[in-house]
Amino acid sequence: GDSVTQMEGPVTLSEEAFLTINCTYTATGYPSLFWYVQYPGEGLQLLLKATKADDKGSNKGFEATYRKETTSFHLEKGSVQVSDSAVYFCALSVGAQKLVFGQGTRLTINP
Amino acid sequence: DSGVTQTPKHLITATGQRVTLRCSPRSGDLSVYWYQQSLDQGLQFLIQYYNGEERAKGNILERFSAQQFPDLHSELNLSSLELGDSALYFCASSLQPGTSGRGEQFFGPGTRLTVL
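Protein sequence lines correspond, in order, to chains A and B.
As numbered in the working numbering, residues 1 to 111 make up the first sequence, in order.
As numbered in the working numbering, residues 1 to 116 make up the second sequence, in order.
With the rest of the complex left out, here is chain B:
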């Protein structure tokens, strides 16, 4: 158990809908990362938050957004869903950048999104 929790585990929805994925980082971790895992794209970095502030952006669509709350949990919002958004979405957390661990991230179990 990595200490990172994600809910829900599975999500089935229709095209055009909006969903919210939730992540709670390990106790003490300030950074939260979101990744998408799909068969054709592999594991892709979406976005990073550090202590409530957006830190880095990757291949995140404009239809997607995220935020990190004062209690450090994070939510990933996916809207106007398309069939191609079906994927596994992982959240990861890490120690404050620059401290020991040098980039080591701890992953949650993921949320499997199916868009019908």
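Just chain A, with the same shape it has in the complex:
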């Protein structure tokens, strides 16, 4: 079946550091890929998406590129802020159906 694997957390960085959260997937069809973010006590917010190979999704300084050859969708940000502290979920959807999520990566940014 379809699945998503994210790098193990938690991840702790200092402010202004470079961030990478790895995500790889397995899908039976041609998936759309997403990163969702969950701030403490809140629901999931869509951070960015990509719907076909080589697409780059970007939002709020975060970027991820849909790499079909490596079945990956790694999340990156050049300079993180304390306000980026949250749990990040990589997810896929095939045929605009259910979302399949990775296990989530808790990110903490220290000032």
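Zero decoy hints are in this set.
Below 30 angstroms or equal to it, Euclidean Cα-Cα: the simulated BS3-like pairs (lysine-lysine) are:
| no. | chain 1 | residue 1 | chain 2 | residue 2 |
| --- | --- | --- | --- | --- |
| 1 | A | Lys68 | B | Lys57 |
| 2 | A | Lys77 | A | Lys52 |
| 3 | A | Lys77 | A | Lys60 |
| 4 | A | Lys60 | B | Lys9 |
| 5 | A | Lys52 | B | Lys57 |
| 6 | A | Lys52 | A | Lys68 |
| 7 | A | Lys68 | A | Lys56 |
| 8 | B | Lys9 | B | Lys57 |
| 9 | A | Lys77 | A | Lys56 |
Going by beta-carbon spacing under 8 angstroms, a handful of chain B positions derived as facing chain A:
| no. | residue |
| --- | --- |
| 10 | Tyr33 |
| 11 | Leu43 |
| 12 | Phe45 |
| 13 | Phe107 |
| 14 | Gly108 |
| 15 | Pro109 |
I should point out that these hints are in silico values taken from the structure, not numbers from a laboratory.
For glycine and all other residues, C-beta sits at the position ideal for the given N, C-alpha and C.
Following the hints, position chain B against chain A.
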């Protein structure tokens, strides 16, 4: 604000009881999805409705059921509750499948269920 609303925000109940969680999708969205978030299982898809009809089922227990009403709001019914049902339950909605957005879903704030 995603435009998806869920009530109640918190629910505390006892084992063996039955509860109903409610969700109103974004205006114009026909699909509603239910997910369960727990510490040990992560985020799991439960069930999807599209325009009043069940569309897909995931890891939903037989004690759980859902429906989508003509006004497109949805309810998730959980019965014979067990301690292990304590979790965050999210509702999400999306555009009609096949249209632009390609699977993008918008999530409500969730209902935190605690079974004592």
